[in-house]
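So the sequences go chain by chain: A and B. The first sequence: position 285 = 284 (this note's numbering), numbered continuously. Throughout, this note's numbering is defined as the position within the second sequence, counted from one, plus 917.
These are computed hints drawn from the structure, not numbers from a lab. Among the clues, some could well be false.
What the hints assert, rightly or not - With a cut-off of at most 20 Å between alpha-carbon atoms, the simulated EDC-like pairs for lysine to aspartate or glutamate come out as follows:
| id | chain 1 | residue 1 | chain 2 | residue 2 |
| --- | --- | --- | --- | --- |
| 1 | A | Lys512 | B | Glu990 |
| 2 | A | Lys394 | B | Asp981 |
| 3 | A | Lys394 | B | Asp939 |
| 4 | A | Lys653 | A | Glu577 |
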Amino acid sequence: MADARILAAAPAAGPGAPEAAARPMRIALIGNPNSGKTSLFNQLTGLNQKVGNFPGVTVDRKSGWAQLTPARRAEIVDLPGTYSLYPKSLDERVITDLLYDPSSTSYPDFVVVTVDASNLRRSLLLFSQLADLGLPAILALNMTDVAERHGVHIDLGALEAELGVPVVPMNARKGIGVAALKIVMAERLAAPPVRFWQPDSAVQQLVHCLRDHFRLHSDYLALHYAQQAEYLAFLGAEDRAYVQSLVQEYAFDGTAQQASETIGRYARINEILLETVTVTRTEQREPVSNRIDRVLTHRVGGYLIFLAVLFLLFQAIFAWAQYPMDLIDQGIGALSGWLQSTLPPGPLTKLLTEGVLAGLGGVLIFIPQIALLFAFLAVLEETGYMARVTFLMDKLMRPFGLSGKSVVPLISGLACAVPAIMGARTIESWKDRMITIFVTPLMSCSARIPVYTVLVALVVPDESVGFFNLRGVVLMGLYLLGLCSALGSAWLLKVLLKARERSYFIMEFPVYKWPRWKNVGLTIYQKVQAFVWQAGQVIVAISVLLWGLASYGPGQRQEVAETQARREAAIHHWTPAELGRQVASARLETSYAGSFGHALEPAIRPLGFDWKIGIALLTSFAAREVFVGTMSTIYSVGQDADMGTVQQKLRAEKGLDGQPFFTPARAFSLLVFYVFAMQCMSTLAVTYRETKSWRWPAAQLVYMTGLAYAASVLVWQIWGN
Amino acid sequence: MPYTPAVAAPSPIPASRRTARDLRVGETGTICCLEDPVMALRLLDMGCVPGITVRLSGRAPFGDPLMLVLGDEEYTLSLRGSEAATILLKD
Chain A
0 MADARILAAA PAAGPGAPEA AARPMRIALI GNPNSGKTSL FNQLTGLNQK
50 VGNFPGVTVD RKSGWAQLTP ARRAEIVDLP GTYSLYPKSL DERVITDLLY
100 DPSSTSYPDF VVVTVDASNL RRSLLLFSQL ADLGLPAILA LNMTDVAERH
150 GVHIDLGALE AELGVPVVPM NARKGIGVAA LKIVMAERLA APPVRFWQPD
200 SAVQQLVHCL RDHFRLHSDY LALHYAQQAE YLAFLGAEDR AYVQSLVQEY
250 AFDGTAQQAS ETIGRYARIN EILLETVTVT RTEQREPVSN RIDRVLTHRV
300 GGYLIFLAVL FLLFQAIFAW AQYPMDLIDQ GIGALSGWLQ STLPPGPLTK
350 LLTEGVLAGL GGVLIFIPQI ALLFAFLAVL EETGYMARVT FLMDKLMRPF
400 GLSGKSVVPL ISGLACAVPA IMGARTIESW KDRMITIFVT PLMSCSARIP
450 VYTVLVALVV PDESVGFFNL RGVVLMGLYL LGLCSALGSA WLLKVLLKAR
500 ERSYFIMEFP VYKWPRWKNV GLTIYQKVQA FVWQAGQVIV AISVLLWGLA
550 SYGPGQRQEV AETQARREAA IHHWTPAELG RQVASARLET SYAGSFGHAL
600 EPAIRPLGFD WKIGIALLTS FAAREVFVGT MSTIYSVGQD ADMGTVQQKL
650 RAEKGLDGQP FFTPARAFSL LVFYVFAMQC MSTLAVTYRE TKSWRWPAAQ
700 LVYMTGLAYA ASVLVWQIWG N
Chain B
918 MPYTPAVAAP SPIPASRRTA RDLRVGETGT ICCLEDPVMA LRLLDMGCVP
968 GITVRLSGRA PFGDPLMLVL GDEEYTLSLR GSEAATILLK D
């Protein structure tokens, strides 16, 4: 075990080890938040990216392949942005997990540190820590143009000499300097000869013990073992206990040690900067970002602008997306009609049109809205506006037990709760984070959009109220209902939960930038693709299954029901069309799906739902977006082939009294149910992964379903009766 | 130092106990020390080192959080008043 460590550490210490040359290099990309790391990653890897998982944790492991020279390829691993090697959130722990264990197979050959040239002092803190770990490194000096504009001139030669590593100036957003960086990366690098800071004599003995025991190649790494004693996941329980006992024995004070280390490093960095950087202030104009901030974070204007952005978002999703959606809807309807008229009638044709195509239509119809939503979110994130939203909202969120940092997950929850809950990882405080995770699924996600769209369009007239479209206003109301329930639930949890540690807010404001449209496009493409492939498969499969359940029944019950209907037809002198409808209805009611729905009906009758809606509720438990497909399938059984769209089918549905079945009260009861209900297996799974406990997803499921049921009962009992 | 003491009314808080939270918008101070040991680690990581100047460039609409510009207009931090109160300023 210990021997393996020495061997594995060898390439880091001595370059050109034979086994190292055989396999492709692995390079980790690390840097401060907003230092251009992601831009550089995109420049290096292009479309050769894949998103996976770090072992043991759920942080996305973004990696990709870069062609450094025609003969040399390297794997690039993108690490989360951090200010120092001391992790403060789960996200950052990934970094130490990767860099602490030289024997690990995923230990990088060297690191590329992205550094913001206009912000050198703070950026060099992280670099100096990495160098002291003994890792070979390249300094990617980013945003040199910004620094020059600020009158900061950096002597590259002197900086290279002081730091002991190659320094490559670049502009990662524009791709300038990336070619030069690749050439440097293709060379074998030696461990940096310079040490920036040494643990002081008081801890030397502890450091020596750890170094000897684990055969570590640097004092600083040994010190980090002591600092992170509780978290060294890759060590066995025995080794971890050994570290902890040493920490106790030497009365190691991590906090004081870390503070004196950081101050010591800054002192050294200041010396380096004195030698290498000259600042000539040409003009004393306030940076543009600060002037924009004065508008965007204005006490009145700031909120108005934020509201306007949100309103634009809803109008886009509802109004603008309608055109492509109508096209898709009509296209599917036309295709279905054409297939039914051309193909020979039979169960296969029915399977194709009523099962597969109906489900496929339910998937494709989402694409315009999902694309628009993610386009908006990506632009807000890219420009730096999201950080300002955090700033504006913090004071408002705190009474509810949330912080400004919860706003981004909550807003992302409008797109999809799954990435939103993962996004809550940036919230460092346990309590704030748990509350955010718990309430995020109450935000109306994009999977609810089709349910909202279909039902709102069914019962709300397409009229304008002043400047606004009435349907748009109702839709916004549904979203606000979701938001209010999320905030109310958060407040409840704030009262119930005990804090484990204090909550922090401090963060850096990124400078405003124009969005890089390539990044926005990439985001849209990835999200739409993920939706079509992952959700789409489930939806189509469930659609087909449903078609089977709705078309076939147990034993001879369907045949008996059909005979019964024909007998009644003879008595009442029904027209052939009426007979056809009655037969189809009787067959559906006695099918497997009908039996399911009927079994559920007593429980959902107080909500105004019948057994057909019961079937849809049942199937959309796995994923809400299945609802529309299910409704489409259930209501298309026995209806005319030319009745293409879901809305036409629902509108044609008649109740027992011959009136339209979907009254406003019934539709709103259903809408309210979908606002609150927890109907997403993926969300429950991700909550489990993020909280590492079944208690949270179980609580979410029970709480949200109960809320949905109660709210629907309320709507139907007050309005419907 | 571009720091000029307020002309109109002297600050009611004793100079030795002034913190970054007590700055007026647009006013600049120099960090003397960091009070809270755990908060200090974060502040240090983000570049709030004793001796650095901080300028309060704005407050969020309800008075909190604050926007602090560090050093020579290098970058802006956003932090809560309670967090800024751990940053003691020099006289």
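Verification of the supplied hints:
1. Lys512/A / Glu990/B: Holds, because 17 Å separates the two Cα atoms, which is no more than 20 Å.
2. Lys394/A / Asp981/B: holds, 6 Å
3. Lys394/A / Asp939/B: Given pair Lys394/A, Asp939/B holds - Cα atoms ~18 Å apart, limit 20 Å.
4. Lys653/A / Glu577/A: holds, 13 Å
Of the numbered hints listed earlier, not one is contradicted by the structure.
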